[in-house]
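K.L.:
Each chain, written out:
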Amino acid sequence: MKDHRQNRRQLMTGLSTAGLLTVLPFTALPAKPNKTRVKPTKKQTTAVKAAPLPGQTFANMVFNRLGYGVTPGVMDEAYFQGLAATDSARLSQFVNQQLAGGNDIDVDQRINQAGTYETLNKTLNQLWVDYHIDENNQNSSSRPIYEHIRLKFLRSTYSLFPLRERIAEFWHNHFSIYGYDYYARSVWSSWDRDVIRTHMLGNFKDFLIATARHPAMLYYLDNYNNSKAEPNENYGREMIELHTLGVENYYGLAQPGDVPKIFVNESGGPWPSDGMIQEFYVDNDVYETARCLTGWRVNDSTSSPLTDTGEFYYDSGRHDTFAKSVLSGGFQNFSANQGETDGYEVMEMLAYHPGTAKHIAGKLARAFISDNPPQQVIDDVAAVFYDNRTAPNQLELVFQALFNHAAFSDPQYWQSKVKRPFDVVVSAMRACDADFTIHPDDGDSSSFGYRMDDTGHFPYEWRPPDGFPTDSVFWLNSTALVQTWKTVDWLIDHDSTGTTPDPLLPILPYIIQHFQGLPDAQLLPDNILSYWMSRIFDQTPTGGWAGDPVFESIMTFFLSRPSDHTYPQWPRHNYIEKVQLFDNKWPYYWGTRLRGAVKLMIASPYFMQR
Amino acid sequence: MRSMNRRKFLQSSALLAGLSGVKISRANSLTSTSQPIVIDLFMRGGMDGLNLVPPYSNPDRNEYEILRPDLQVPLSGSNQVLDLGEAFGFHPAATGFRDLYVAGDLAIIHGTGLPKSLVTRSHFDATKLTELGTPNNTLTPDGWLTRHLNSSPQITGAEVIPVLVSSGSKPLSLHDYYDALTVSQVSDYHPNPGSYEDQHVAAISAMYAGTSAMDQAVHGAMDTLQILHQLDLDNYQPGGGAIYPDNSFGDQLQLIAQLIKEDLNINVATAELGGWDTHNGQGDGGGGPFADRVANLSDAVTALWQDLNGSGLGQQVTIVIHSEFGRRAKQNGEGNSGTDHGSGNVMLVIGGRVNGGQMYGQFVGLANEQLFEGEDVSPEVDYRQVLGTIVKEVLGNPHLDQVFPGYSNHQSMNFVASDLIFKSGFE
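Just so you know, the protein sequences line up as chains A and B, in that order. Under my numbering, the first residue of the first sequence carries the number 1, and numbering increases by one thereafter. Under my numbering, the first residue of the second sequence carries the number 1001, and numbering increases by one thereafter.
These aren't lab readings, by the way, just hints derived from the structure by calculation. Treat the hints with care, since some could be wrong.
To be verified - Example chain B residues on the side facing chain A (calculated, C-beta under 7 Å, incomplete):
(1) V1102
(2) T1182
(3) Y1189
(4) P1191
(5) H1200
(6) I1204
(7) S1212
(8) D1215
(9) A1221
(10) V1320
(11) G1333
(12) G1335
Stated by the list, open to error - With the C-beta cut set under 10 Å, the calculated list includes, among others, these residues of chain A facing chain B:
(13) D206
(14) D222
(15) N232
(16) V550
Said to hold, decoys possible - Residues from chain A that keep clear of chain B, each with C-beta distances beyond 10 Å, as calculated:
(17) A78
(18) Y183
(19) F263
Cβ coordinates follow ideal geometry from the N, Cα and C atoms, glycine included.
Between the sequences and the hints, there should be enough to build the whole structure, so can you do that?
P.N.:
Right under this line is the structure:
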C-alpha cells in the first residue's frame, strides 16, 4: 500500500519551488510565499448597539456580563453596594466570591425536589455501563445529555454563583462537543463534572489532558480510531486549530523550517535545547500531533486485555513509535519509543505556547467584554495566562485579571454585545422571579424545550467542534430573535389565566401584591408599567420612566385601542379598577396587555444587550 | 392569481407602512416575477465529490480502486455506480441527480476549489474563504451573496423578501446583509400571537428605530414576520408531483419553494446540509452514512427542482451545490474507515438555463503525480469562475469585480447559455 506520508513529505520539501503557483487571475500575492492572508483592514460595519439602557449602573453591567442579569432581591443593586465601598472593590469582591463558589442551596433543593435527575453523580464507568452498554436495554443511551440540557437551565436560573455557570459555558463551548454524539451522550455527566467543572479554574495543561483522555472527546473527534496503521488526524487538527493555538496562529502552506522562531524559557522533554520553537504552526505540525496521539483510545471492548469500562486506554500496539517533530522547525524533538509520553509532551508544548495564551485571551475578551475588545486587554490577559502556565490556579488568575481589567469597567464597551437566546431566556426568568424548575420527565419542561430548541441555541447542540458563535452579528437573525421572544411569550403566558392560574413567571401576581393595600386611584397605567420596568431594570430614573422612548413605545402598546371599537382608547390619566386588571376582563383585557408589556420590556434593546 | 397576491400586499403595505414605517415603501413598479433566482446549497463538512461522482472508466477508475479499496463505489452489485454513459457516474443513492442529468437539467463541474496557493484544509478557513468570496482573506466584512445583492442591476430594492435563508442562521455568504428572512418554520412565527399581535410588532419596531445593525435586524424580522403572517401556507401542494423527503433538509427546501411561489420577489435563497465530514466509518462498498447523506441530498434537491420546474419557474431558477473542499483521494484506513480533508471537488448546477447532461471543468487524474500535493483531486477551476458565470450570465449582474474583489480575467464557462435579455442591463 502506498505510504502517503512519505509522498507528502517529499512534496512538502518541494513546496518552496514555484511549482505550486497556478496562473492566478489576481496579483494580491505578497513577496513572501507564506502568510498569504491579507492583513485585516479596519472593519467598516455599522455599530451593533441599539439604544442602550440609559444610566446603566455598574452593578447592572456586572450582573449582565458576569451572571445572567439582575435577580431582584438576590443579586441586585442593593446587594452589590453592600459588598464594599467603591465599584472596583465591589467588583473584585464579587468576582472572588463567585469564583470561590459554595453551597448552592436553591439549585440543590430544586434538583432534589424534582426527583428525576438520576445520572448526575454516577461515575464514568457507571454511566458507560448503564447507558452505553445497557445490557438489559433498560435505559435511553442519551439520558445523561438529556438531563444535562435541562440542568443547564436550572443551574443558570437559580445558582447563587452564576459566574461559575458562565465560565462552565465558556469552556464547554471552547472544547465543544455535540451533545447527542453517539458515545458522548451516554457519558455527558462525567464530561461536565470531571472534565469541565473540575478544571475550569485550574491549570490549562491539566485541563487539556483531561479532555484528551475522556471518551466524549476521543469519540467525537475520532481519536479512538487514530492508529499508526490508520492515522486519523481529526482530533490532532482541532486540538491545535481550536483548543490551543487557534487558526490565527496558522502560518499557511509552508515547511516547518520556513516558520519564524521565538525563544521560550522551557527545557527538557520536547523543548529544543536552544529554546527556539516555531512561532506559528503549519500542516506538518497537525500531522505530527496526530501521530503523537495514536493509540489514545477508549477501553471499549471485551477482547482481552480490554474490559469495556469506558475509561481512557492507551494502546501501545496502535501507537506510532517513530520519532516526531512538532513546532521545532523540522528537526525531531520527540524521540522514538516514548509511548504515551508523546501525547503528554505535545499537549505541554501546545498549552505552554505563547500563541495559545493569546488565542484564548482573545476568546475570553470577546466573550465577556465586547465583540471588538481593545488589544490591550487581550495582551494583558495573555500575559497572565502565559506567566502562570504551570500554576494550579492559572485559570482563576486569568479570569480575575480579565474582570478586574480597566477595559472591563470601561463604559464604552458596556451593552455592546447582543444577548444570545439562552441568556435572554434565563435572564428573563431571573428578572421576573420565575418559579420553574426545569427537569427531566416533565411536560412543562418539554414544552419549554421545544421552543428553546427552535432558537438555535440549545445547550450542547452545536454540531461542529468550534462551538456556538459569540459574535453578536450571528445572533441578529430573524429566527434567533423571533423564536427567543416566542419562548419568552410561552413562559409568561403559561398557566397565567383561567380559574386557578399558576403562572411560571408572576407578572400579574406581583402587581396584585404591590397594589393590594393601595387605593384604586393608584392603578394608573404609568404606575403599573413603571413597577415592572423598575423591577426588571433594577433602577428608576429620576423623574420616573415617563418620556423614556422604550417606556413610551410600551405604553402605546398598553393603551392600544380594543378590537371592539365601541370602546375608546383608554386615557392615560385614568386609573384602572383592580377587578378589571386582576380578572383580565373584556373589553380591555388588562391582564393580557400587562403580560404583553412585560414581554416587550424583555424584547427591548435595554434588555437584549449586555 | 399572482397579481391578486400583489394587490393584497400593496393594500397591506399601507397598513404596514403605518406600523413599521420603514422598508415597506415598496415600489409598485416592480416588474414581473421573472427575476432570476439563485438557490445556494452549501454542503458543510467537506463533501466527498469523488464518491458522489465516481470514475467509471479507465485510467481514473483503475487508480480510484487502488486508492479506495474498501471505500470505492463498485461497478457491480446492488450499490453499483449509476452509469451515465460517461467517464464518471453517480453514486447509487443519487438516482434523482442521475435523472436530472439525463434530462439535461444538471451539469457537473469537475476540479473546482480554492486557488492552489490558497488551499487550506481547515473547515473554518476554507468555509470562510469560500463563502466570503475572497480566497485570500478570512476577515472580509461581507459575503459574496451580500455583494451580489448590493451590486446587481436586476435587484431594485423593492423586493418584498429579497433573500430567504432556510435554516436557523444566516450563512457567511450573506455576512453583513440584514434584509434576509431567516426562517426554518413559518407556522406561528410571531413573538406574541393573539389579540395584540399587530400592536406588539409595532411596539418592537418602534423600540428599534435606529440605524445600528441590531436595529436593522430587528426591523427586518418584524417586517417579514408581518408578511409571512398574511400568507396562507398550510396545505401546501408541491408542483410537478414532487415529493419532498420527510426530514429537516426536505423541509427546508420545501419552504424555499413555497415562499418563492408566493411571489415575494425572492432573489436569493440559501440552505445547508451538514454531516459530510466523513473521517471515519464513511461507508464501504457504496453504502453507509455517506450513502444516506447522498440520498437525502439528491431526493430533496430533485423534489425542489420538480416542484419549481413543474410550477413554471424552471427558467428562472438556478440551484448550485458546493462544499468547502473535497476529500483526500486515498481512504485513511482499512475497513470502515473514511477520508480526510482534501481540496478539489465537484460542483453541481441545476436549472432551466443550464446546459445540463454534460461535464465541465477539469479532472486532472488520480495517479500520484496528478494529485494535488499527492493527496487530492486537483483544484484546477477557481470556484469563483463557476459562481461568477452564474452571477453574470444567469443573474444578470456584470459587476464581478465587486462580487469577487481581487478576481479578474473572468471567462464565463459554458454550462449556462448567456442570456440576451440582460444585454440592456450592461449599459
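K.L.:
Hint by hint, say whether it matches the structure.
P.N.:
Each hint, compared with the structure:
1. Residue-level restraint check for B/V1102 is violated (minimum Cβ-Cβ distance to chain A is 34 Å; threshold 7 Å).
2. At about 4 Å, the closest approach between the beta carbon of B/T1182 and any beta carbon in chain A falls short of 7 Å, and the interface hint on this residue holds.
3. The interface hint given for B/Y1189 holds, since its Cβ lies 6 Å from the closest Cβ of chain A, which is under the 7 Å cut-off.
4. Interface hint status for B/P1191: upheld, as the beta-carbon distance to the closest one in chain A is roughly 3 Å, under 7 Å.
5. For the restraint placing B/H1200 at the interface with chain A, the shortest Cβ-Cβ distance is roughly 6 Å, inside the 7 Å limit, so the hint holds.
6. This hint holds: B/I1204 has a C-beta 6 Å from the nearest C-beta of chain A, less than the 7 Å allowed.
7. Because the beta carbon of B/S1212 sits about 5 Å from the nearest beta carbon in chain A, less than 7 Å, this interface hint is met.
8. For the restraint placing B/D1215 at the interface with chain A, the shortest Cβ-Cβ distance is roughly 5 Å, inside the 7 Å limit, so the hint holds.
9. Using the Cβ-Cβ criterion of 7 Å, the hint placing B/A1221 at the interface with chain A is satisfied: the shortest such distance is roughly 4 Å.
10. Violation of the interface hint for B/V1320 is found here, the shortest Cβ-Cβ separation to chain A being roughly 20 Å, above the 7 Å cut-off.
11. A distance limit of 7 Å between C-beta atoms decides the matter here; for B/G1333 the minimum to chain A is near 3 Å, and the interface restraint holds.
12. For B/G1335, the interface hint is violated, since its Cβ never comes within 7 Å of a Cβ in chain A; the closest pair sits about 10 Å apart.
13. Given the 10 Å rule on beta carbons, the hint for A/D206 is violated: about 27 Å separates it from the nearest Cβ of chain B.
14. Given hint, A/D222 at the interface with chain B, holds; its Cβ is 5 Å from that chain's nearest Cβ, closer than 10 Å.
15. Because the beta carbon of A/N232 sits about 6 Å from the nearest beta carbon in chain B, less than 10 Å, this interface hint is met.
16. The closest approach between the C-beta of A/V550 and any C-beta of chain B is roughly 5 Å, which is under the 10 Å cut-off, so the hint is satisfied.
17. With a closest Cβ-Cβ approach of about 28 Å to chain B, A/A78 is found to remain outside the 10 Å limit, as its non-interface label requires.
18. No Cβ of chain B approaches the Cβ of A/Y183 within 10 Å, the least distance being about 12 Å, so the stated non-interface status holds.
19. The Cβ of A/F263 lies farther than 10 Å from every Cβ of chain B, with a closest approach of about 28 Å, so its non-interface assignment holds.
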